[in-house]
Amino acid sequence: MKKLLALFWLFALAFAAGSMRLATTTSVNDSGLLEAILPQFTVESGIEVEVIAVGTGQALAIAGRGDVDAVLVHAPDLEAKFLREGKGVDHACLAYNNFVIAGPAADPAGVAQAADALDAMRRIYRSGALFISRGDKSGTYHRERSLWRAAKLVPDGRPWYLESGSGMGSTLTLAAEKRAYTLTDLGTFLFMKDKIAIVDLYNRPEPLMLNQYSYMVVNPKRFQGLRSSAAYRLRSYLLRDDVQQAIDDYMKEKFGQSLFHALHGKCLMEVKP
Amino acid sequence: MIRASGLRKSYPGFDLRVADLRVPEGSFITMLGPSGAGKSTLLRLLAGMEAAQDGVLERRGRAVYLDQDNIVLERNVIDNAVFGLRLMGVASAEARRRLRPWLARVGLAERLRQPAAKLSGGERARLALVRALATEPDVLLLDEPTQSLDPKNVAMVEALLREAHTRGRSVVLVTHNLHQARRLGEETWLLLGGRIVEQAPTETFFASPRSREAKAYLAGEMVY
Amino acid sequence: MDVPLGEIWEIAWRSLRIAGAATFLAALFGLPLGVWLGARPRRGGGSARVVLYAAMGLPPVVVGLFFYLLLSRSGPLGKSGLLFTQTAMVMAEAVLAFPMIAGFTAAGVRARAANVRRLVRGLGGSEKQVLTTLLWESRRPIVAALAAGFGSAISEVGAATITGGDIRHHTRVLTTAVVLETRKGELRSALMLGLVLLGLTLLVTAVLVVWGERE
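Here the protein sequences line up with chains A, B and C, keeping their order.
The first sequence begins at 137 in the numbering used here and counts up by one.
The second sequence begins at 3 in the numbering used here and counts up by one.
The third sequence begins at 208 in the numbering used here and counts up by one.
Chain A on its own, in the form it takes in the complex (with noise of 0.2 Å):
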């Protein structure tokens, strides 16, 4: 047993030499995405990526108190806020889908008809559908909150309106079970969609709905014991025309259409520190 200890710092060292450690969102990691890229980085520079997936507004506070060397995050106002704070630098926009609401089948509120996507929140405030929130300051979450200030409509306090407090994986299974409207990220509803009783009723890629991802170091002059330099190494291979290629290829021909469209480090939606 104590050699078994010794091997654990061993196995901590051996591998503190070369990897890096980034937090990201659950729909990054649980779509496989990351599973699908990082290898090649690996091989390439032999640095392992310890991915660590949480929700955007988690990994942001993680990455905040120095534990990992970079965020893969989707909330671009609080990845402005991130800049601004001196804690995160060198943003890139890596790729986009959009938001999704799903709900049921028969669609009591209609959502599928609305006009626009502030239609859409406004139509389940009013028919007082069961809506689930994910409650946990992820990315969902951040944009969800600002669709209903959008519309300026206040549904907490609602009896229709639910707080999951966890991922959008287990998000939406819950809204299937309840027969709930919720928000979610396109390629979690394409990965979850055959398994759960739940449709897509407003899919559609307005400006209000787009789902931007993004990558930044974590400020190398903030904390001591930051592998930045894989960290920047990991920033260029995600931008490379290949990498990003492989990113707006992933999952397209299961599903017909891109999960992530890349975005070159061009982004769409403004994140002005």
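Hints are not guaranteed to be accurate.
[As the list claims (entries may be wrong)] Have a look at the derived ranges for each label pair, beta carbon to beta carbon:
| no. | chain 1 | residue 1 | chain 2 | residue 2 | range |
| --- | --- | --- | --- | --- | --- |
| 1 | B | Thr-206 | C | Pro-248 | 50 to 60 Å |
| 2 | A | Met-405 | C | Pro-266 | 37 to 47 Å |
| 3 | C | Pro-248 | B | Ala-93 | 27 to 37 Å |
| 4 | A | Lys-357 | C | Pro-266 | 30 to 40 Å |
| 5 | A | Met-405 | C | Leu-409 | 28 to 38 Å |
Hint data in this document are derived by calculation from the structure and do not stem from the laboratory.
None of the values given here were measured: they were computed from a predicted structure.
Yeah, the Cβ is synthetic: ideal placement off N, Cα and C, and Gly gets one too.
Using the hints, position chains B and C against chain A.
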């Protein structure tokens, strides 16, 4: 041989004082007294298991103390039986060899591998006794060893004690059984409220008790 | 099946190692403390037992959070770089297993201490022999204590997630993998991992008990 003088052990609600006491070599003393009189405490003081608050205790030779519960360990019969010798540092094989005749004598030879916890009360009492006897102690301090045993087991235990006595051991036996006290003892003590109120050769004690308390006790009257 | 069989075994083996190391670490401190608390001839130690029994209900997420704050680069031990490593998981799980091991050991030893002391001292044994006898006599409750500690360590998910981060090939253990697969809706994988977890716990407990019951 044990000699004690001016022993005192007291705590709230209990006060044991023994002015002068001797357990001579080769003696057989039976100790009587109601529950709570301090018999067990006195035995443990004599055994050196508890420290007195006052007084002088002189002990020559090795004393063992057996309590009334006939404690057995969570082991089989033979491992329980050799436990006393093992504590003294006797090697396992040698201890087993020495215990074999003892166990045969008390009818446990066929049950060596059985868990001791499965023994009956009588068998446990025999096991506890041979466990102590096998260590060949000079003084045996016994706290009601035959309590709640049937006549057959009582006879077996008494025979073992008599034999030990014949072979020169000193015995102090606490008992509630007046007949047993008379049968076995050479000298008898009566303990009441933490004091030895009568101490006499057994025959004298039973034939012509001197103190009022001893008379009352032998007559079966409550004397507290 | 979303998780290949080979990876399930990899995760199971990692769970076993981490929970094993945590149990070992917890036993290193918990056994002596439990024996000491249980074997003391005097009464008392009641408050220590109350604390131990209460600590058996320590919320794993709170312990996890504590270690997160401790080991974070912004925390007091940030320089160690131990957050999100198996070592961090071992430490948190050890803290969770410790009260189980110490508490159950203390209870088991305590139940036997008075009798064993009377027997050993009565036969002329020393206080040290009381202790060694007591240790052997308490082997069954001690084994139960170890099994309980191991069980709490291997089946725990809150602290494992917070201190380990569920990093694939590094800190992903059976419980965090079950959470992940459930989140992804891969219920077959989740169930499979759960069954492996149950089987593993059963197996280790069985091995411990058989080992403890041997003569």
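Status of the given 37 to 47 Å range, CB of Pro-266 (chain C) versus CB of Met-405 (chain A): Hint holds: Cβ distance 39 Å, inside 37 to 47 Å.
Is the gap between the beta carbons of Met-405 (chain A) and Leu-409 (chain C) within 28 to 38 Å? violated, 52 Å
I want to verify a distance hint. Is the separation of the beta carbons of Pro-248 (chain C) and Ala-93 (chain B) within 27 to 37 Å? Since the Cβ atoms of Pro-248 (chain C) and Ala-93 (chain B) sit about 30 Å apart, the hinted range of 27 to 37 Å holds.
Should the hint that Lys-357 (chain A) and Pro-266 (chain C) are 30 to 40 Å apart at their CB atoms be regarded as holding? Check passed, 36 Å falls within 30 to 40 Å.
Assessment of proposed distance window 50 to 60 Å (beta carbons of Thr-206 (chain B), Pro-248 (chain C)): Since the Cβ atoms of Thr-206 (chain B) and Pro-248 (chain C) sit about 40 Å apart, the hinted range of 50 to 60 Å is violated.
Hint violations for this structure: numbers 1 and 5, all remaining hints satisfied.
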